[in-house]
Amino acid sequence: MAQTGVLVIGEIVDGQLSLTSKEILAAGKPIAEQLGQPLAVALLGADVGGAAQEAFACGADIAYTATDPLLAEYQADLYLAATDAVCREADPAVLLMGRTAIGREAAPRLAARLGVGLAQDCLEVSVAPGSTELRANRPVYGGNAMATVSCSSSPQFATVRPKAYEPAESDPSRTGEVKQVQVALDASMARSRVVSVVREESEGIKLEDARIVVAGGRGLGGPEPFEDLEELAKVLGAGIGASRAAVDSGWVPASWQIGLTGKTITPDLYITVAISGASQHIAGCSGAKVIVAINKDAEANIFKEARYGVVGDWKKVLTAFTETVRELVKS
Amino acid sequence: MPLNIVVLAKQVIDPEIPMSAFQVDRDNRRIVTPANIPPVVNGFDENAVEASLQIKDSQEATVTVLSMGTGFSMDAMKKPLAMGADELVLIQDDAFVNSIDSAVTTRMLVAALNKLGGFDLLIAGRQASDWDNAQVPLGVAELMSASCVTLGKKVEVGDGKVVVERIVPEGYEVVEAPLPAVVTVSNELGQPRYPTLRGIMAATRKQPTVWSADDLGVSPDETAPLLNLVDLFVPSTVKECDFIEGDNEEEAGRNLALKLREAKLI
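For the record, the sequence lines run as chains E and G.
When you line the first sequence up against the working numbering, it's residues 187 to 517, in that order.
When you line the second sequence up against the working numbering, it's residues 110 to 375, in that order.
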């Protein structure tokens, strides 16, 4: 049978369909409708629990489930073998995955295994009326350019950036069909093995998950001013980061780095202090809803990205800003 | 036998340049490389070179740097040699001038790796700063049936296996995988070493091995892209910055806080 339908590789977090999966279902639904074909979800785990019903509520028509005790913890080789088996069973026309930690690792390997092209990190995926061709828009060169790409192999495969779509609205009355897929896994398929996990004491809030992030750059001039930033972060319950320049200068740890060669953040509010906004930094924070910039140079690139800005000496601005924020947050 | 390490390194437009220096030639669907700004080796790939040299510091190993592209700048591409790598192999073919497909790059690199006699350990940066795909090394691992570990911040080899400290959100995990293995590394690995004067002199004398698609015996069928670039354009950004002012900088700071409160952001 010809390849048909849209298959979303879902992720299950704490027994529930992940938020990103609901976003990808929202991205896939109009494509399935345009193609006049079903929207399916792949669910893998030791137990997929109520995730299939959640996916139906979010617009899926079919849930392909693969359950195996070996899938209890994510292990790339096993997960890949199972995903590969589900894809071959579902045989979709369009394959979508979130560009999550798992997606970043699994999608490229799955594409190689299926022998197909892969459109990565897409902000928009669509099929034009009357066409079956998937078009995907994705930022390149640190967001300085946008590329539209299409696949000349099948299934047409894309990874979608988390938060690019709003999660699908849930309609608990929707139902769908569950199809179990047998995956022949055995423990020897896992080639890499986690020997130990080291939890690092992180004082602050995880940058990737933070609703508010504050960060400092080269203009701070040294490591000490980051204490002022930490003060602000504490008041706001924010994560704290830095530009590459500050990391390269050895002022703060590499794990603080935001940008193309560091972490990608998507907070509601991102407050930058003495960061000029080189394109490599913007690439890591362009997903922030609102950017605030404090910088002494009115011509700094960061003001082109910022919604609110103050031009001035960071020390004077920040001290007064933090004090006022403290009062406001208390009230 | 010395450990055979291959590092994948890509030449990219310097990501530190101001955005105004970027120009998109939409008709030809390509980025116009700013003439006065020299290209660089992708940042994470320099971390990969560093990772390979740390292994070479502690045991007998050879480090071969492999790259595919067009219009190579020897100033950029010889930097890994100056840092201490042994060999440089470049796959250069005008057929790939406009290639954006990681699948094609993967196939070409696999052909070159086979011609080189394979590898014990292949190290690459976690992603490239131009297309940010983080795809090629993982594809190579699949096509060459090597084990694969991503996001390393420390890489060691012993007893026929690689031991990687792999970054995870809550810290790191120690992962073991048998050789041959593909490992991608991140900036947490630390600052790459600077080339020494001696290293720079040695690099000047070394000539890269340059192969074309023909040299690798790759047929045109195998280089047909699976991913096509339909359009390339500058995204329209209509962000208006609201400059918050005050009689002095302190007042501007206070007004900013009030503004964010008003906008319900804090």
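No lab work stands behind these hints: they were computed from the structure.
Hints may contain errors.
[As the list claims (entries may be wrong)] Per label pair, the in silico range of CB-to-CB distance:
1) G:Ala311 <-> E:Tyr260: 29 to 37 Å
2) G:Glu265 <-> E:Asp434: 34 to 42 Å
3) E:Glu386 <-> G:Leu306: 35 to 43 Å
4) G:Ala204 <-> E:Ala484: 26 to 34 Å
5) E:Lys482 <-> G:Asp323: 33 to 41 Å
6) E:Arg385 <-> G:Asp184: 41 to 49 Å
7) E:Ala484 <-> G:Ala333: 45 to 53 Å
8) G:Asp323 <-> E:Pro255: 45 to 53 Å
9) E:Asp395 <-> G:Lys373: 39 to 47 Å
10) G:Lys373 <-> E:Glu355: 19 to 27 Å
11) E:Val380 <-> G:Asn145: 24 to 32 Å
12) G:Glu354 <-> E:Glu355: 37 to 45 Å
Yeah, the Cβ is synthetic: ideal placement off N, Cα and C, and Gly gets one too.
In rising order, the numbers of the hints this structure does not comply with
Numbers 1, 2, 4, 5, 9 and 11 - these are the hints that the structure violates, sorted from lowest upward.
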